[in-house]
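Visitor: Hey, can you work out the whole structure from these sequences and the hints?
Read off the chains here:
There are 4 protein chains.
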Amino acid sequence: MKIQDRVFHSKFTVRYSETDRMGYLYYGHYAAYFEVARVEALRELGVVYKQLEDEGILLPVRTFNIHYKAPAHYDDLVEIQTRITQFSGTRILFHFESFRNDTLLNTAQVELVFVDKNTGRPCKAPEHLVRLFED
Amino acid sequence: MKIQDRVFHSKFTVRYSETDRMGYLYYGHYAAYFEVARVEALRELGVVYKQLEDEGILLPVRTFNIHYKAPAHYDDLVEIQTRITQFSGTRILFHFESFRNDTLLNTAQVELVFVDKNTGRPCKAPEHLVRLFED
Amino acid sequence: MKIQDRVFHSKFTVRYSETDRMGYLYYGHYAAYFEVARVEALRELGVVYKQLEDEGILLPVRTFNIHYKAPAHYDDLVEIQTRITQFSGTRILFHFESFRNDTLLNTAQVELVFVDKNTGRPCKAPEHLVRLFED
Amino acid sequence: MKIQDRVFHSKFTVRYSETDRMGYLYYGHYAAYFEVARVEALRELGVVYKQLEDEGILLPVRTFNIHYKAPAHYDDLVEIQTRITQFSGTRILFHFESFRNDTLLNTAQVELVFVDKNTGRPCKAPEHLVRLFED
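Residue numbers (numbering that gives the first Met the number 0), protein chains in the order written: chain A, 0 to 134; chain B, 0 to 134; chain C, 0 to 134; chain D, 0 to 134.
Check each hint, because a few of them may be wrong.
Stated by the list, open to error - Capping the alpha-carbon separation at 25 Å, the derived lysine-lysine pairs in DSS-like fashion look like this:
no.: 1; chain 1: B; residue 1: 49; chain 2: A; residue 2: 68
no.: 2; chain 1: A; residue 1: 49; chain 2: D; residue 2: 116
no.: 3; chain 1: D; residue 1: 49; chain 2: D; residue 2: 116
no.: 4; chain 1: C; residue 1: 10; chain 2: C; residue 2: 49
These aren't lab readings, by the way, just hints derived from the structure by calculation.
Guide: Quick look at the structure:
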């Protein structure tokens, strides 16, 4: 099965600290949830993001787009479905869908670029990651 | 001068709590910065967001798009230029540009919709806001 | 077994968003971890904190003391051991110990008071909670 | 005037992202406010915390105690009064009082220790800081 066809699942229980006075999960916290979701997706593929950084590769976000359809509330169980929709060797694109039960809460896309920690400049993805996506 | 032609300015000093292990202002925290920036823009127009909520109008985010060009670091002074690019009576669109000195850090757009606090459903913007944009 | 003799366990994987430029889990984020830990402890006792609030009882923090011994880092698994050390009918005291494997990261105490949502004033704990602690 | 007799002032407007569903400034966010307050106090004394870190000195928190008396709410102006109550050459103690107008919101103490960035072990404060406190 191609990686691009796989769906990865992450679960979050909305913390009190993540709510706002509207009673919603604050809209900005999804950025952190998606961070966890993509790290979990990579881990399932055998890639430990922390090791990437230890090897000198950073993976900062270049674009982040999110469309909110319904709010999550305190103590809700939010399930995020993650897909890796593109991998070019210099950048990687994730697509997310957040659900509470069957309710779609939002859809989002995050594009990350590979950056050399020492130079701070874009670089190629490490070989072991490239090979993953060739299969 | 039409509101759509005005530029509002907000300033932030990056807090330690907002940095991440990459040494950057964590990408997700701009959501909170833009929240402050649009509240400050509205306040300059005589609209106190807190009062809107007290009057029963919520203004949740529907879409949020951000394109990162350069990172901010701890203790950097980040200046955000805010423009209100659209106001339709049921939704409002903000455009943001973040700078550190002359360096453009990112551009972003946030679309918010007026929601009735009691019903949780979209509603019309309050009259005093509508009049502001008619001038 | 008396509740005061029980130990409750909560697990956290340190998120990227929770790290700081020192590479540590930011010291302030333990407040959110402990919040989750005490909610999980109460849930094991059959008390759903969210329902308490729905019933009109808030449980704000009155004192929070923490002594840090070692830092946690990105992607570390932090295990928190929670004990309910006092329950007086108007306040409740939690004691926490955070570990990474066998390393004690910190110890902390949080005192919460029962507050009536409508009046904003201290109140008695609900009957079902009082009974729990009588056994 | 001795440093220990000086009072430093910092101001914060409570951000939406910092509120919780209780409508309060989340109790855990004061840690970040105090971080800013002590950096501002040091800056008034001519010490730039960022430079300390660049020189290889970290200043992690060892203990943090806070006693909450009243909550702050969204958009409140919170003023923090900071005192440096002890400086021993290897650690530094800050005392904080948070106010909304004349209402005391909380009192807190934070103890930080000087740590060598390379060894991760406690170390002496840099000379220029020691001299400040000798005057």
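Visitor: With the threshold set at 25 Å, check whether the alpha-carbon distance from residue 49 of chain D to residue 116 of chain D stays at or below it.
Guide: holds (13 Å)
Visitor: Holds or violated: residue 10 of chain C and residue 49 of chain C, Cα atoms, limit 25 Å.
Guide: Given pair residue 10 of chain C, residue 49 of chain C holds - Cα atoms ~20 Å apart, limit 25 Å.
Visitor: With a cut-off of 25 Å on the C-alpha distance, tell me whether residue 49 of chain B and residue 68 of chain A pass.
Guide: holds (23 Å)
Visitor: Does residue 49 of chain A pair with residue 116 of chain D here, judged by a C-alpha cut-off of 25 Å?
Guide: holds (20 Å)
The structure shown violates none of the earlier numbered hints.
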